[in-house]
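Chains as they are written, first to last, in my numbering: chain A, 4 to 365; chain B, 508 to 642.
Everything labelled a hint here was simulated from the structure, so no lab data went into it.
Just so it is clear, CB atoms sit at the ideal spot from N, CA and C, and this is done for glycine as well.
Take these hints with a grain of salt, some might be off.
[Stated by the list, open to error] Pairs of lysine-lysine, PhoX-like flavour, derived with a Cα cap of 25 Å:
| id | chain 1 | residue 1 | chain 2 | residue 2 |
| --- | --- | --- | --- | --- |
| 1 | A | Lys-281 | A | Lys-258 |
| 2 | A | Lys-258 | B | Lys-567 |
| 3 | A | Lys-8 | A | Lys-51 |
| 4 | A | Lys-245 | B | Lys-567 |
| 5 | B | Lys-567 | A | Lys-259 |
[Claimed, not checked] Covered, in the sense of this in silico footprint (three residues per stretch, anywhere, with C-beta under 8 Å from a C-beta of chain B), are these stretches of chain A:
| id | stretch |
| --- | --- |
| 6 | 15–21 |
| 7 | 233–240 |
| 8 | 281–293 |
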Amino acid sequence: MTEAKTLGETLRRQGVSRRGFLKFCAATASVMALPPSMVPVMAAALEKARRPSVIWLSFQECTGCTESLTRSHAPTLEGLIFDFISLDYHHTLQAASGDAAEAARETAMHENFGRYLLVVDGSLPNDNNGYSTIAGVSNLDMLKQAAEGAAAVIAVGSCAAFGGLPHAAPNPTGAVPVSEIIHDKPLINISGCPPIPVVISGVLAHFLTFGRLPELDALNRPLAFFGQSIHDRCYRRPFYDKGLFAETFDDEGAKKGWCLYRLGCKGPMTYNACATTKWNQGVSWPIEAGHGCLGCSEPNFWDAGGFYRALSVPTADIARTAGYAAAAGLALGAAAGVMNRRKTSTAVEQHETVTVDDLEKS
Amino acid sequence: MSGLEDIPLRPEKVHEPDSATILHPVLHEIRHALRRLIQTGESTVIDLTSLPFGPGDESKLLEYLGEGEVSATLNTLGRSRLWETRFPGVWLVDHYNPEQVRIAFQIEVGEVPAVLRSQREDVADGLDRLTSLLP
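Modelling step: build the complete structure from the supplied sequences, incorporating the hints.
Here is the structure:
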């Protein structure tokens, strides 16, 4: 029996009706924040999408990104996409090992030259290439070689996107992100420690549908998932605006679900989909569980001043401009609300991203 | 040796958040969509999974919208539930995969949700099958 060539054929062979296919497309469009008018376009494109070869290279990483992606069960969107792609090389998931595994990688790269997707997790040691090797080949050499024939490079996780934990002070291996090594291929950063599973599969689905990477922000992250800050989508925002903060993890404010800003929440400087998409298939997310955002999808979040130390100013130099002392919680909250709205509209116009450096000026 | 069951438990009273923030904006969006449906016949989809729901917000919204005259079950790639709310033209479309994990949750404002319609390709397939069964 010949293998189904396109996604449409694959689904039909599994007995999925056209209506079922539309359900799948509606779920995919929803995940990628595409308007419903795009569903017929998606259906037509996915119908013809061919199985892409995917090479997954793991460097200085903890395997958390793979764990995140594989937590989902088939055939959710993640499962269907994952089953559909031809994952030709992946340390954790492949059955082969040793020379056989490396041979499989080289064969896949050769046969699909110019068309395969290269996924990378983990950072690269730039101080000494010998710090991290696979089958005797340094990460640097393997990445450069694999990138030559790749249609696009996807840096999964904050380590591959920004350097992540290995890059944190004192950065003993000279860890660098993929973007510092690869300059001549379409590159997308899916940051997060780990990224939300559906964000990874949403990007893969976009590539399958449109043959290119989605719209990116200034840090090369997909705008559909990283276009809004946690702070702007947080359901506890009304408490921030009213100046109602939890001061400890077990006080009355904490029990009432008040804003976690004073407990170190980095929501204002963090861009990710956690506030809406949430975690564990939408069960909950850190702030809903009572813990402030760590800012794990931003560069240098490990060195951003401490997870439990409050950001020095909300989203602008409010202490000076509003003329209030930092201790006046209520006033700070109200003024922050006004500043946030203004900054949001200008930021939206200019696609600004707020970095830790902006916030720590005061 | 005592076990985990011997540790006394005293459930904390859950405090409801002070404001249900997402309800009114969504209802206003539905109102605009209904107007658009009447004026232009255009249907609208509101994706609920992209909204920042706090704990309890979703059940408040569903309670408010209620259930109307029609409900349907879709059995493909898992079971999905669709029903018209107490406001005609406002449908809820709740998609699940075979593991009962939600994959999409949308409000569809229109005469009927698009996925309920029989698809041309499926009709053609059915016609072929029926033709082959008849003598």
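Okay, the hints, checked on the actual structure:
1. Restraint check: the Cα-Cα separation between Lys-281 (chain A) and Lys-258 (chain A) comes to about 20 Å, which is no more than 25 Å; the hinted pair holds.
2. Our distance criterion of 25 Å between C-alpha atoms is met by Lys-258 (chain A) and Lys-567 (chain B), whose separation comes to about 20 Å.
3. A threshold of 25 Å between alpha carbons decides the hint, and for Lys-8 (chain A) with Lys-51 (chain A) the separation of about 9 Å falls inside it, so the pair holds.
4. Annotation: proposed proximity of Lys-245 (chain A) to Lys-567 (chain B) holds, straight-line Cα distance about 23 Å (limit 25 Å).
5. Distance hint between Lys-567 (chain B) and Lys-259 (chain A) is fulfilled; the C-alpha atoms sit about 18 Å from each other, no more than 25 Å.
6. Counting residues of the stretch 15–21 of chain A whose C-beta lies closer than 8 Å to any C-beta of chain B gives 3; at least three are required, and the coverage claim holds.
7. Coverage of the stretch 233–240 of chain A by chain B holds in this model, with 5 residues showing a Cβ closer than 8 Å to a Cβ of that chain against a need of three.
8. Closer than 8 Å: that is the beta-carbon criterion, and the stretch 281–293 of chain A has 3 residues meeting it against chain B, so the requirement of 3 holds.
When each numbered hint is compared with the structure, no violation occurs for any of them.
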